[in-house]
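*Asks:* Residues per chain are reported as follows:
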Amino acid sequence: MNRQMDLALILMSVGPPAGTMSGPGRYMTEASDARVIKASLDGDQNATEELVRRYWDEAARAAYLIIGDKWMAEDAAQEAFISALGSLEKFDPERSFRPWLHRIAVNKAIDRARQIRDGQSLVDEPADTTELPQAEEDPRTAEALNALGDLDPEDRVILVAKYVLNYRAVEIAEWLGMPDSTVRVRLHRAAGRVRKIVNEGGS
Amino acid sequence: MEATIEEILARVEVPDADAARERAVVAILAELSAEPRKKRRRRFFGLMLSIGAGTAVAISPAGQAIADFFTGGDSPSELSAQDRALTDLACKELGAAAAETSWCAGDESGDGASAESLLEDRGYQITRVGPAMAIRSPDGTTLVTGLDELDPSELPGEIGGVKIDQTPDQP
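Those protein sequences? They're chains B and Z, same order as listed.
Sequential numbering from 1 applies to the first sequence in this note's numbering.
Sequential numbering from 1 applies to the second sequence in this note's numbering.
Looking at chain B on its own, in the form it has when it is part of the complex (with noise of 0.2 Å):
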């Protein structure tokens, strides 16, 4: 059998509920992490796609609101994607796919918005960014980034991790490797300081 065809199978398995759209992308949302991640490993690129189809958008969102640039932060979310798939051999079955590879890509994103704090060159920055072509950023969006760069990385990983994507201070702690309290008064410092920007217009 091949690998196509084990994944198709696994997905079909499952099935789309009662009386909702079918059709390939609606059997890929229904089936579980596990085997998905378990025909990834037995190689099936159907099911390694599947993953990053998956968690992509909320990894790479997480990143730009960390970083701040929507190159690096694509670049920092593709990196944390390759660390994952490419070692889920060391990934517990039995626990949560979405944590794993969202505290690897904060560890990514965050050793990026720290080499920009201190001025270091980055390896995958292009020599000369004012060739890239720029997307148009959204007025609110420019105002809500510029009100995160304001705050120090961690400070930025927290209220993305907490507000974003919904994680608990205990676990975000566990992630920065600082006490839960002390997460909980970064959080609201840094909730505090960005709504001050914003609504008010200024720092």
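What the hints contain is simulated information worked out from the structure, not anything from laboratory work.
Treat the hints loosely; a few may be bogus.
Listed next, with one range per pair, are the computed distances between beta-carbon atoms [claimed, not checked]:
# : chain 1 : residue 1 : chain 2 : residue 2 : range
1 : Z       : Pro138    : B       : Gly201    : 40 to 48 Å
2 : Z       : Met1      : B       : Ala142    : 15 to 23 Å
3 : B       : Arg53     : Z       : Ser153    : 41 to 49 Å
4 : Z       : Pro15     : B       : Glu200    : 49 to 57 Å
5 : B       : Asp118    : Z       : Pro138    : 31 to 39 Å
Simulated crosslink set (DMTMM-like; lysine to aspartate or glutamate; CA at most 20 Å straight-line) [as the list claims (entries may be wrong)]:
#  : chain 1 : residue 1 : chain 2 : residue 2
6  : B       : Lys38     : B       : Glu49
7  : B       : Lys196    : Z       : Asp16
8  : B       : Lys196    : B       : Glu154
9  : B       : Lys196    : Z       : Glu2
10 : B       : Lys196    : B       : Asp150
11 : B       : Lys90     : B       : Glu174
12 : B       : Lys196    : B       : Asp152
13 : B       : Lys196    : B       : Asp155
14 : B       : Lys196    : Z       : Asp139
Only some residues are given here: those of chain Z computed to face chain B with a beta carbon under 8 Å [unchecked claim]:
#  : residue
15 : Glu2
16 : Pro15
17 : Asp151
Remember, predicted model here, so these are calculated numbers, not experimental data.
Glycine residues also receive a C-beta, built at the ideal position from the N, C-alpha and C atoms.
Please arrange chain Z on chain B, whose structure you already have, making use of the hints.
*Replies:* The following block gives chain Z in isolation, referenced to the frame of chain B:
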């Protein structure tokens, strides 16, 4: 009424999110299947793919793809079905039907010559320094590749107008 932190963060829109996702799918799958020595060549402003020995596909930030079969690499006919599919996808993103584009799928020579000619015909400027190469596209973006095949002491200061100030990651 003042915005909450949740509202402020929810306002952020990732530019070109759909295109980024598609680039990521291709890049990640290619990177995971690349040979170790060919990894870390994603220097096309974050996206340089290696597919098979000596074969590369690059996708520009704007989603434009170019494919090149570098000297000494596999000929397209030697690519695995998986690599071929990735290459075809990149070529289709360029707007070309792979089967109708000689340098995407029909170039059996494997020497990269037709790819280079076609790119130059389309306004790309190609600069070579030993095994390294810079390809400047008409829109001004530049692809640099092959730096990892140079001895670090031989790294050029610049190639094709792109300053090279660091040793690329070694696999």
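*Asks:* Hint check: B/Lys196 vs Z/Asp139, CA-CA at most 20 Å. Holds or violated?
*Replies:* 40 Å, violated
*Asks:* Given the proposed pairing of B/Lys196 with B/Asp155, does the C-alpha separation stay at or below 20 Å?
*Replies:* Holds, at about 15 Å.
*Asks:* B/Lys196 and B/Asp152: Cα distance at most 20 Å?
*Replies:* 16 Å, holds
*Asks:* Can you tell me whether the CB distance of Z/Met1 to B/Ala142 sits inside 15 to 23 Å?
*Replies:* The hint (15 to 23 Å, Cβ to Cβ) holds, given that Z/Met1 and B/Ala142 are roughly 21 Å apart.
*Asks:* Would the pair B/Lys196 and Z/Asp16 pass a check requiring their Cα atoms to be no farther apart than 20 Å?
*Replies:* Measuring from Cα to Cα gives roughly 29 Å; hence the hint is violated.
*Asks:* Starting from B/Lys196, check that the Cα of Z/Glu2 is at most 20 Å away, please.
*Replies:* 9 Å, holds
*Asks:* Decide if the proposed pair is consistent with the structure: B/Lys90 and B/Glu174, CA atoms, cutoff 20 Å inclusive.
*Replies:* Judged against 20 Å, a Cα distance of about 19 Å means the pair holds.
*Asks:* Going straight from one Cα to the other, do B/Lys196 and B/Glu154 come out at no more than 20 Å?
*Replies:* 19 Å, holds
*Asks:* Let's test the interface hint: is any C-beta of chain B closer than 8 Å to that of Z/Pro15?
*Replies:* Because about 3 Å separates Z/Pro15 from the closest Cβ in chain B, which is inside the 8 Å limit, the hint holds.
*Asks:* Take a look at whether the Cβ-Cβ distance between B/Asp118 and Z/Pro138 falls inside 31 to 39 Å.
*Replies:* 36 Å, holds
*Asks:* Within 40 to 48 Å: is that where the Cβ-Cβ distance between Z/Pro138 and B/Gly201 falls?
*Replies:* 41 Å, holds
*Asks:* Hey, does the Z/Asp151 contact hint survive, CB to chain B under 8 Å?
*Replies:* Z/Asp151 check fails; min Cβ-Cβ to chain B is 18 Å, beyond 8 Å.
Hints 4, 7, 14, 17, counting from the list given before, are not met by this structure.
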